[in-house]
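> As a plain string of letters, each chain reads:
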Amino acid sequence: MSKRTQRKSMGYIKKDYIRTRTMPGSWYLSSYRFKFNITHFKPFQDKLKERKLVGLQCSSCNRVFFPPRLICGKCFVKPDRWVDLRETGRVATFTITYLKDLETGEVSERPVVLVQQDGSDTTYTAQLSPDVDYKDTYIGMPVKVHWAEEPTGGLMDIQFYDLVEDNSKDLELRKD
Amino acid sequence: MGRQVCIASAGFSEHASKRSDVNMPELVSEAIEDCLKKVPSVSVNDIDAFVNGNMPAFEGSNIPELWMTDWMGARNKPLMRITTGGTTGGSVAIGGYYTVTAELPGIDTVLAIAFEQQSQGDTSTGLASVAYGEISVLNTLGISYEQLTQLLSAGAAIGVASYQATNYMRRSKITEEDLARVVVQNRHNAANTWWAHLKMPDLTIADVLETPYISYPLRYGMVCPASDGACAMLFTTEEKAKDLCDIPVYVNGVGSVANESGVLGYNGSGAGQLDTSEQLGAMKSAELAFGQAGISFPRKEIDYAEVYSPFPNQELMWIERLGLFEENTASEMYETGVTALNGELPINCSGGVNSTNAIGASAMERPAVAALQIMGKASNQVPKTVHTAIGHGWGGIINLITMMVMSNKPTRKIK
Ligand SMILES: [Zn+2]
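Read top to bottom, the protein sequences are chains Z and W. At position 18 of the first sequence (counting the first as 1) the number is 17 in numbering that gives the first Met the number 0, and the numbers step up by one without a gap. At position 284 of the second sequence (counting the first as 1) the number is 283 in numbering that gives the first Met the number 0, and the numbers step up by one without a gap.
Treat the hints with care, since some could be wrong.
[To be verified] Which bits of chain W does chain Z cover? Going by a derived footprint, with three or more residues having C-beta under 8 Å, they are:
no.	stretch
1	16-28
2	161-174
3	209-222
4	271-283
[Unchecked claim] Label-pair distances were calculated between CB atoms; the ranges are:
no.	chain 1	residue 1	chain 2	residue 2	range
5	Z	Gly139	W	Pro211	23 to 33 Å
6	Z	Gly72	W	Glu238	34 to 44 Å
7	Z	Ser107	W	Glu209	15 to 25 Å
Keep in mind the hints are simulated off the structure, nothing from the lab. By construction, the Cβ of each residue, glycine as well, lies at the ideal position given by its N, Cα and C atoms.
Bound-form chain Z, shown alone (with noise of 0.2 Å):
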């Protein structure tokens, strides 16, 4: 094929078609089997039905992983050591939904946050308690574990994070 024929004929693709056709059709991802090691979830799991928090500890790096990861990709270690974390924490960041009602047409503010477990070095996707207005939502919010009433041994155990109230000025009196 010659330069000018190939140049011509990219050409009347586009002139001849004025406009394409659109053929509607649907696709679904109707079914999905996802595969995934669960095995380092285990013990995890049995602490939090016992109203406990554990991390997994890399024994290269140190850092610990709050919920528990199976491999740890700065030192291609398997993180192997179980540390008790404390039921309080920090948020690391925040965003605020904004939810509408498909009955009344409300909207409703709700602040979702990314928690740091205080002694772990992972933050993980979490709710505020319903108290928490989404306005006083800040970076290094002091939070503390909510229990649920029946925990069960899932991540939902952890119902959602109560502030702590600030007390540093107590502390300061009690300097006095």
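Keeping the supplied structure of chain Z fixed, place chain W with the ligand upon it in accordance with the hints.
Below, chain W with the ligand without anything else, positioned relative to chain Z:
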């Protein structure tokens, strides 16, 4: 090791929210035509190999590269598809560079093509399919789907980006007005770019701040559109490029680095990026690419930058992390006009991803625009002479970065 590689040309299709007048192959052929128009002595027959890519699952059509073989002129020629999510375009461009630098017999000229026709499929299904694995795991571990959608605030990039925006705003102490200023500059630039999508020459900061929140701190007026469009880049050897065009653009360094994911960990575990605006991956890929290109002082040596920023906070963050500005000074640069078209270091004069986002193509449009700025052929050409420019791409769960450093001189350190 490896020969010098030049960009001889780059081209775009027109971008819009619905290009229903064309199908995917036709959209791609538009970009190829625009690319080859700039180098009249090259025809499709002179191209030795093709690299092609788009975001998978967004259009509901697999193997599009085979469907469009004839439209690209790739029949009976080496053809490779690369797809890496948001950075697809950047990876395709790097793929084009690697193919030429590899010195394979008979392969000198390579056409790299990246595209996306989002209107054809369901973008939210596409995005959901990206996170579906993680969501299934969290669901198995006891978090309900309802809760999950809320946690990830509608899943997808916007959710991840708003966490990052909060982090960045706190770190650099900027306001929403600073974010809006970035958007205004981008949309004004887009108005002068023929192929751009959201052209708003009269947009003001107040207009942006009037739009409602999509998820705090990002407003509807601040986020990128979903576009249909394609981009093509022509990579060739130094010798051939000198014949083809007046100013061949040398690719002096590339980088593609994946950092630990942010917001979502793997298989339900905690996420390792404590501050998602820290971006060690971006720093590392910049270090790699600048190292290859022999650039020690990016702030002084780079004349033009195209960064991948669907959201304004990311634009500020990237230009700091890539070493173009000191930390926490980026928003000041927008205020004083340093980053404007006629500024000292213009950023995203095509309007950026903030104005045009055909996902698979976006990360290639960055180096493509940067190369055209060096050639002096860009649609919204900066008045000053551009010697060295960068094109950056971002994707994944805020963790994959691609970089390409280009110049009108060969400065590559690896020989
Ligand atoms: Zn480690």
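> Would you mind marking each hint as holding or not holding in the structure?
For each hint, the structure was consulted:
Residues of the stretch 16-28 of chain W lying with their CB closer than 8 Å to a CB of chain Z number 6, which satisfies the three-residue condition for coverage. Counting residues of the stretch 161-174 of chain W whose CB falls under 8 Å from any CB of chain Z gives 7; the rule of at least 3 is met. Counting residues of the stretch 209-222 of chain W whose C-beta lies closer than 8 Å to any C-beta of chain Z gives 6; at least three are required, and the coverage claim holds. Counting residues of the stretch 271-283 of chain W whose C-beta lies closer than 8 Å to any C-beta of chain Z gives 5; at least three are required, and the coverage claim holds.
Distance hint for Gly139 (chain Z) and Pro211 (chain W): a CB-CB separation of about 27 Å, consistent with the stated range 23 to 33 Å. Evaluation of the 34 to 44 Å hint for Gly72 (chain Z) and Glu238 (chain W) yields a pass: the beta carbon distance comes to about 42 Å. In this structure the supplied range 15 to 25 Å holds for Ser107 (chain Z) paired with Glu209 (chain W), their Cβ-Cβ distance being about 22 Å.
When held up to the earlier numbered hints, the structure conflicts with none and fits them all.
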